[in-house]
Amino acid sequence: MDDPEFTLIKATAEGDQQAFEQLVRLYQRPVLKFTCRVLGERHLAEDIAQEVFIRVYRSAAHFEPRGKVSSWIFKIAYNLCVSELRHRARFQRIQKELITTAPDTPASGAADELREELNTALCQLPENQRAALLLRVNEELSYAEISEVLSVSVSSVESLLHRARTRLRELLKKD
Amino acid sequence: MQCKEVRKKLSAYVDQELHGETASIVASHIARCPSCEEHLESIRKMDALVRQMPDVSVGPEFMKRILRAVEESNAPIKARKPLLASLLGIFHDFFDLLEGERPSHSRALDEFSDFPPCSLGHAYLKLLGSTWRG
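Here the protein sequences line up with chains D and X, keeping their order. All the letters of the first sequence, read from the start, carry residue numbers 1 to 175 under my numbering. All the letters of the second sequence, read from the start, carry residue numbers 1 to 134 under my numbering.
Errors might be hidden in some of the hints.
Unchecked claim - Within a straight-line C-alpha distance of at most 30 Å, the following computed DSSO-like cross-link-like pairs (lysine-lysine) qualify:
1. Lys68(D) / Lys64(X)
2. Lys4(X) / Lys33(D)
3. Lys33(D) / Lys10(D)
4. Lys10(D) / Lys64(X)
5. Lys68(D) / Lys8(X)
6. Lys64(X) / Lys75(D)
7. Lys64(X) / Lys173(D)
None of these hints come from the bench; they were simulated from the model.
The following block holds chain X by itself, in its conformation from the complex (with noise of 0.2 Å):
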């Protein structure tokens, strides 16, 4: 491998993240290339200063923001019904809603008793007083 290529790989090598016969033939070079080793010597440098660059502070303030702010985002979380259980949920609602009694809000209905006798809705209307008598 030459030096070019070698380059290349540095990154990876110095992060262990060079695996097998590329790893030996990476690390091989550089014991007998000074330049390729100077190379990997300013990377390890480089790393150490990132590392070494000042933390940030953080006050106990930090997290009564972030715990406020959740707070007004939103009521606690809950997980998310399966969709098969929403669905089965509609179902059992709409067939409580046939077999149960007459639910109060629907009383309203008769508000509507005046269609016409050969109207959809008067159809409609027959067939819910007629499943609500059973």
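This is chain D alone, in the form it adopts within the complex (with noise of 0.2 Å):
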């Protein structure tokens, strides 16, 4: 196969690590920012980052080449964060913490308090539906590429974003 990407995953599976690297380097941040925005918790994020990768690393023998490579990368940040949430139920708490606080930038002029208060509208989205919507709006992964992230067929996928965007849409003109 050319994909590069793919070329770095089958160099990591053989024990390259400056192919790994490169590999990091590529998905540090859209994994990152995928993670901070589900997850909402900066530090929090940067943990299950890193757990990401780990996963990467170790199983990149197992990677089979029919699917993307940032699908792949996206299922198991996805999965991740899911169970942390699940698992740890610090959902709640975080959901609140987010609704007070803003993880990166603190909150100056109208543009900023506008994004603050979508911020604090993704974070009332279930995990499903915000995890759609980041997937497609910063990522712009096609929706066979999302399914392929969630597990769920592509029709769920077109729906879970009609209703993510239209939940979003009554968020912000209520505030």
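Put the two chains together into one complex; each comes in its own frame, and the hints tell you how they fit.
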């Protein structure tokens, strides 16, 4: 296969440290951004992002070249985020924290206030709707790729995105 | 198509995931329905806002942290041996044991040579002994 990212995965599976570093360099920002937005907490997001790359490293030999590398990596990230949110039962607390604090930037000016409102609204979406929206809007994944990440059908992705946008619209209108 | 049905499709329309006839129907509806057009614009604006949300900062220490964690988590990974190769390996080792020289770690079996003559242990040791001696 000619996909350069697949070549990196293959080389990582063979123990090539540099290939793995290159893969991390390519994905550290999108993965951290995704985990940060889904979990809403920077430190926790970093821990999960770190775990994502450990899993990528250890599972590289089992990667199946049928799908895209990005879908595979985001699938690992999404599953870890969901597991974190569900099993540690921290979701409620995190949501409350997010309602009062935006992770990276302090609010100043109308634009920042709007972003903070958006962040708060995003955190009120169910995790699958939030993930679908972030993967579509930020990462520009197709519906087929999102369906792979979330392990749902393409029509479910369409429905998740429709509901996410409708709910977000309602939440922003309220404020 | 009514406004209600069109609105359900607007999200997929924005994402260019509608094809064929459905895409044309939605497009022509939007062209003549200001309310649905406004709805479409609000989706586009929201998407733009999500895109403009502040990016996360990633310092060089994050890469170091990952590499350290990977190093601590395990030794370098190796591709998994196919199942058939693993099974063949086991058979190979087994026949090596029977055909090769008497392995040093099995010499200790002599210590158990006082099994009663009619016991399974005695028969087993005898079998092993005849195999090694050829």
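Evaluation of the provided hints:
1. Lys68(D) / Lys64(X): OK: lysine 68(D) and lysine 64(X) at ~26 Å, within 30 Å.
2. Lys4(X) / Lys33(D): The given pair, whose Cα atoms are some 34 Å apart, is violated under the 30 Å limit.
3. Lys33(D) / Lys10(D): 25 Å, holds
4. Lys10(D) / Lys64(X): 22 Å, holds
5. Lys68(D) / Lys8(X): Roughly 29 Å between the alpha carbons, so the hint for lysine 68(D) and lysine 8(X) holds.
6. Lys64(X) / Lys75(D): 23 Å, holds
7. Lys64(X) / Lys173(D): Answer violated: lysine 64(X) to lysine 173(D) is near 43 Å, above 30 Å.
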